[in-house]
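**Student:** Letter by letter, the chains look like this.
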Amino acid sequence: MSIKLISVTKIYKVKTSENLKYITGIKELSIDINEGQYIVVSGPTGSGKSTLLSLLGGILKPTRGEIVYHNIHLSSSRDEKISRFREVYIGFIPQNIILNANMTIAENIIAPNGFLKKSLKSLKIETEKMLEKLGLLNKKNWFPPELSGGERRKVMVARALVKNPLYIFADEPVSELDPESRDAVLDLLREYHENGSGIVLATHSKIDVGTKADYYIMRNGEIFFSGDKQKEW
Amino acid sequence: MLINILWIALTNIKRNKHSTVLYFLMYLILTTGIFSSLLSISIVKLPPIGPLKDFFYSITILILLVSISVLFGLSYINILHRKTEIAIYRIFGVRKSDLFFMLSLEGLMISTAGALTGITLTLTALFGAQSILIDMIKSIYESYIKIILFSALRALFTVMVINILITVIVFALNSKKEMEKLLRGIF
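For the protein sequence lines, the chains are S and E, in the order given. For the first sequence, position 152 matches number 152 in this note's numbering, and the numbering has no gaps at all. For the second sequence, position 173 matches number 173 in this note's numbering, and the numbering has no gaps at all.
Rather than coming from a laboratory, the hints here were simulated on the basis of the structure. Because the structure is a prediction, the values reported are computed rather than measured. Glycine included, every Cβ here is placed at the ideal spot set by N, Cα and C. Mixed in with the good hints, there may be bad ones.
[What the hints assert, rightly or not] Looking from chain S toward chain E, a few residues come up when the C-beta cut is under 7 Å (computed): (1) 59; (2) 80; (3) 86; (4) 87; (5) 97; (6) 100; (7) 103; (8) 111; (9) 114; (10) 115.
[Stated by the list, open to error] With a straight-line cut-off of 20 Å between C-alpha atoms, the simulated SDA-like cross-links for lysine to any residue are: (11) E:17 to S:101; (12) E:14 to S:102; (13) S:140 to E:15; (14) E:146 to E:125; (15) S:15 to E:173; (16) S:118 to E:2; (17) S:140 to S:98; (18) E:96 to S:76; (19) E:17 to S:102; (20) S:139 to E:96; (21) S:118 to E:98; (22) S:133 to S:81; (23) S:121 to E:6; (24) S:81 to S:2.
Same shape as in the complex, but just chain S (with noise of 0.2 Å):
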């Protein structure tokens, strides 16, 4: 199983009040993500890293090219087949802060996954043990402005990790964190990786996730490095 990128180019028309402009996110760009391996992509801001996991997510339509999922190919594909194959395969943890304010942590993680075939009991019983291990299971019934930025930014990953994703798209995962959630969050991702999740987590800065993992670096919507071993941009 895997998710394969062939020739993917990505422009983002921006309208404006004053003119419209045509903006380049991803130039030409294959690559394959298999089940089970672990990618971290680093490079400056504007570099094509948010462009390229959204792509991966099935978020983002190419401009040109073609994204295939397993068997699926997104461009020829009805929205409802590829909702479907993220909603049951992907667990996506975007770079900005994206919570309903009006929920509780707990809401927060249960409503976007249960749409899933999965009970509502087990789905509460897995938050649990997500906030748990993320040290956040005494707030499970606080709302998300009563807590500090890091915390927020672990109630996405626990929303993104509960429903046991075959495929882990992390944006900066680990920004605004102090080192202990930062080590909470990166144990948690190469606990998902060893039970057989394929991770691609972009990172602006230099981070050791602590496993065996592949390198790119990306700038201008080109990966122009990849490698075994981390490399500074």
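Keeping the supplied structure of chain S fixed, place chain E upon it in accordance with the hints.
**Tutor:** Coordinates of chain E only, in the frame set by chain S:
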């Protein structure tokens, strides 16, 4: 999965107290208007007061148009406020059809509660005050209870149809590129 969606819908209703109360009141007013109009129309079907029929129909249509416009506006604003929430669900792979089902379920629960309260209040007013309307219905129809119940059911059905139609239109107008906008922080 149905239980899960029901739980999510109920959680949303509970957590969005302000819009829930506003919707509830709007549906209460709408149902009271429709129910009262339907009852009135049932009476003016008879020839002696036939000319009033057009007047009652006009009033009913006016109530419907005003209520639907207000409800449409409310729903549109509500869905704009909930764009982030909807985009989160979509990022997590929730299909548009499931989201539509969840939003419809929320709407149906609130509108049904509002409609039933509206019907109960109208009936209380009718029977409690021993109004002229009841006397008129009694004098015209022997089975007046049947007329009232039939009008109540028609009012409830109309409100539910209005609710679903509004949800369909508002959802269709607001479900484009929501994930991309959220991830790029341009909502």
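**Student:** Indicate, hint by hint, whether the structure satisfies it.
**Tutor:** Now for the hints, and whether the structure bears them out:
With a cut of 7 Å, the hint placing residue 59 (chain S) at the interface with chain E holds, because the nearest CB-to-CB distance is about 5 Å. For the restraint placing residue 80 (chain S) at the interface with chain E, the shortest Cβ-Cβ distance is roughly 5 Å, inside the 7 Å limit, so the hint holds. With 7 Å as the threshold, the beta carbon of residue 86 (chain S) comes within range of chain E, its nearest partner Cβ sitting at about 3 Å, so the hint holds. Contact between residue 87 (chain S) and chain E, as hinted, is supported at the beta carbon level, the nearest pair being about 3 Å apart and thus within 7 Å.
For residue 97 (chain S), the suggested interface contact is broken, since its CB lies about 10 Å from the closest CB of chain E, more than 7 Å. Nearest Cβ of chain E to the Cβ of residue 100 (chain S): about 5 Å, under the 7 Å cut. The hint holds. Hint status for residue 103 (chain S): holds, given a least beta-carbon distance of 6 Å to chain E, under 7 Å. Below 7 Å, beta-carbon pairs count as interface contacts, and residue 111 (chain S) has one with chain E at about 5 Å; its hint therefore holds.
Interface restraint check: residue 114 (chain S) against chain E, minimum CB-CB distance 4 Å, threshold 7 Å, status holds. The beta carbon of residue 115 (chain S) is positioned within 7 Å of a beta carbon in chain E (closest approach about 5 Å), and the interface hint is therefore held. Between residue 17 (chain E) and residue 101 (chain S) the CA atoms are separated by roughly 13 Å; this keeps the pair inside 20 Å, and the hint holds. The suggested pairing of residue 14 (chain E) with residue 102 (chain S) holds, with an alpha-carbon distance near 9 Å, which does not exceed 20 Å.
Between residue 140 (chain S) and residue 15 (chain E) the alpha-carbon distance is near 15 Å, which keeps this suggested pair within the 20 Å criterion. Proximity of residue 146 (chain E) to residue 125 (chain E) is assessed by CA-CA distance (about 18 Å); at most 20 Å being required, the pair is judged to hold. Taking the CA atoms of residue 15 (chain S) and residue 173 (chain E), the gap is near 19 Å; set against the 20 Å cutoff, the hint holds. About 11 Å separates the Cα atoms of residue 118 (chain S) and residue 2 (chain E), which keeps this hinted pair within 20 Å; it holds.
With a C-alpha separation of about 17 Å, the suggested pair residue 140 (chain S) and residue 98 (chain S) falls inside the 20 Å cut-off, and the hint holds. A distance of roughly 18 Å separates the Cα atoms of residue 96 (chain E) and residue 76 (chain S); the hinted pair therefore holds under the 20 Å criterion. Pair hint residue 17 (chain E) plus residue 102 (chain S) holds up; C-alpha atoms about 10 Å apart against a cutoff of 20 Å. For the suggested pair residue 139 (chain S) and residue 96 (chain E), the alpha carbons sit about 31 Å apart, so the restraint of at most 20 Å is broken.
Taken as a hint, the residue 118 (chain S) and residue 98 (chain E) pair is honoured in the structure, with Cα atoms around 15 Å apart against an allowance of 20 Å. The straight-line distance between the Cα atoms of residue 133 (chain S) and residue 81 (chain S) is roughly 33 Å, outside the 20 Å bound, and the hint therefore fails. The suggested pairing of residue 121 (chain S) with residue 6 (chain E) holds, with an alpha-carbon distance near 14 Å, which does not exceed 20 Å. Proposed proximity of residue 81 (chain S) and residue 2 (chain S) is supported: the alpha carbons are some 17 Å apart, at most 20 Å.
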